[in-house]
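These are the residues of each chain, in order.
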Amino acid sequence: MSSDPSSDPSGARQSAPQSAPSRDTSSPAIELRGAGKAFRTPSGALHTAVRDLDLTVGRGEFVAVVGPTGCGKSTTLTLVSGLEEPTEGEVLVAGEAVRGINPDVGFVFQQDAVFPWRTVLSNVMAGPRFRGVARAEARERARDWLARVGLTAFADRYPHQLSGGQRKRVALAATFVNDPDILLMDEPFSALDVQTRALMSDELLDLWAGTGSSVVFVTHDLEESIALADKVVVMTAGPATVKEVFTIDLPRPRKVEEVRLQPRFVEIYREIWSSLGEEVRITRERGAGHAA
Amino acid sequence: MPPELVSPAVRTRAAKTGAADRTKARARAVRHRTLLVYGSRLAVLALVLGLWEWFARTGVIDPFNFSMPSKIWDQIKQWTLHGTAQGPLGEQIWYTLYEALFGWIIGVVAGVVLGIALGRVRFLADVFGPYVKVLNALPRIVLAPIFLIWFGLGPASKVASAVVLVFFPVFFNAFQGAREVDRNLVANARILGASNRRVTFQVVIPAATSWIFTSLHVSFGFALIGAIVGEYIGATKGIGLLVSASQGTFNAAGVYAAMVILAVVALVAEGLLTFLEKRLFRWKPAQPGTNR
Chain A
1 MSSDPSSDPS GARQSAPQSA PSRDTSSPAI ELRGAGKAFR TPSGALHTAV RDLDLTVGRG
61 EFVAVVGPTG CGKSTTLTLV SGLEEPTEGE VLVAGEAVRG INPDVGFVFQ QDAVFPWRTV
121 LSNVMAGPRF RGVARAEARE RARDWLARVG LTAFADRYPH QLSGGQRKRV ALAATFVNDP
181 DILLMDEPFS ALDVQTRALM SDELLDLWAG TGSSVVFVTH DLEESIALAD KVVVMTAGPA
241 TVKEVFTIDL PRPRKVEEVR LQPRFVEIYR EIWSSLGEEV RITRERGAGH AA
Chain B
1 MPPELVSPAV RTRAAKTGAA DRTKARARAV RHRTLLVYGS RLAVLALVLG LWEWFARTGV
61 IDPFNFSMPS KIWDQIKQWT LHGTAQGPLG EQIWYTLYEA LFGWIIGVVA GVVLGIALGR
121 VRFLADVFGP YVKVLNALPR IVLAPIFLIW FGLGPASKVA SAVVLVFFPV FFNAFQGARE
181 VDRNLVANAR ILGASNRRVT FQVVIPAATS WIFTSLHVSF GFALIGAIVG EYIGATKGIG
241 LLVSASQGTF NAAGVYAAMV ILAVVALVAE GLLTFLEKRL FRWKPAQPGT NR
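Which chain is which? The protein sequence lines are A and B, in order.
Numbering-wise (the UniProt record's numbering), the first sequence opens with residue 1 and increments by one.
Numbering-wise (the UniProt record's numbering), the second sequence opens with residue 1 and increments by one.
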């Protein structure tokens, strides 16, 4: 990355196109070294969301992060994206410390983050337009991605006229249209029903296959994480840190519904669950303690 | 033909005509209800006006103090046909409207700009917050006599009192609107590459418009109050002057007539605003059960 990291997030974006060819390919896509993040709660107490995070994501690798609910998985993503800065340790993207928002990063949020006052097409155009791409070119790229997610017929609709799955497709198209090197996904499909979810997972794999980008996919659904990822990272109960990393050796291309039925899948599932289940139990007991 | 072969077809047809009948009956019931509502509204109006007229004519209430609908109607007719003591009626309405509208526009623009600015820039909010609170705590209508001294009997003093009444509700709503923007939307825009300026103009302002519009409805009423009170205290033209002149000559019908005219003006303005809002908020889902 040749951009000047000390400039503000908006200033960094113009350098994206130039930096593309000169990318340093020796360093991993993402590297967290002893990263930690503590928040000041409204009452003034210090709340540690994540601590001592050590994690490496290789280029083109699909990494899923699983952990009990509310353990700080999302915080990890905000650190990588540059939306938040770590209070401890280092976060490196493509070998450079993260300062401000990196233009090579795409982020798909858990909740709907499409702009309700923009049409579907205009939503997908937003990214390129924000980055100073000419209107005509932005529209062309947006139409291309709308076609890839199967929403060409809905280009002129407003988000409230779409189903939850369609809105998620808009969010995916709006993210992919920026051609990110690193794709961060924060439980993107958790609000969808089970069938739509499987469908969207397959579509995500298809979309991702052509891009060669590195993905960090946060979820609390172990099945989803195994079906999608090359590597599953299990996090501890909050304050979160990496507990164990599992390599998923299922062959690609995968179909989510089919891969679930393979004996190897079940084996892996059992292995990871023995690690994750313990953390889930700890979280649940803590929750019960609070409730009592 | 055996009966069991006939019956399903017959039954479907019967069910179809039955369904059609029910649809018709339902439509009739809806029409009926609409008529009933309008009829009842008219009846309530007729009853109130009739009772008023009757009480005044039979001397239950003093017609000199309380006037009666027929006299008020005569007064409006006289003003319309022969003009008021201060000039033609249209001119009075125009002056009041002009002052209210002018004051409203200035108040709204100032309120929105400062509201968004303070909502977006923490530093400004911290510096000016207390002053705004103090000014808001003042009963601002008492400023009308001061404006009369400063700006004289002409429209300027009325515009000024309309501005101070309009500014605060608009300001607070815009401020709140800018503060309560969905954090995900802002984060998403920043990730997509939006600069701070773009976040303000393309995320915060659109998101705050529904907040701002709520205040626009209320504040136009305030603008009218400001103009009327200003005119009432001292003016050469306007509906407020009609009120004070009628009061000076113990013409109760005149006061009521001015009120009726004012109500019509306010309703028309409100209607225009609602129309505008509908055009602007096409991206919003229609709320079920409301006919707005």
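The set of hints was computed from the structure by calculation and includes no laboratory data.
Cβ atoms here follow ideal geometry from the backbone N, Cα and C, with glycine treated the same way.
Among these hints, one or two may not hold up.
Taking CB as the label site, the calculated pair distances span [what the hints assert, rightly or not]:
| hint | chain 1 | residue 1 | chain 2 | residue 2 | range |
| --- | --- | --- | --- | --- | --- |
| 1 | A | H47 | B | Y38 | 40 to 46 Å |
| 2 | A | R135 | B | T274 | 28 to 34 Å |
| 3 | A | D221 | B | F123 | 49 to 55 Å |
| 4 | A | R157 | B | S210 | 16 to 22 Å |
Right, here's what the structure says about each hint:
Under the hint 40 to 46 Å, the C-beta atoms of H47/A and Y38/B, about 59 Å apart, miss the expected range. Hint check: R135/A to T274/B, Cβ distance near 33 Å, so the stated range 28 to 34 Å holds. Roughly 43 Å separates the CB atoms of D221/A and F123/B, a value that falls outside the hinted 49 to 55 Å. Between R157/A and S210/B the beta carbons are some 20 Å apart, a value that agrees with the proposed interval 16 to 22 Å.
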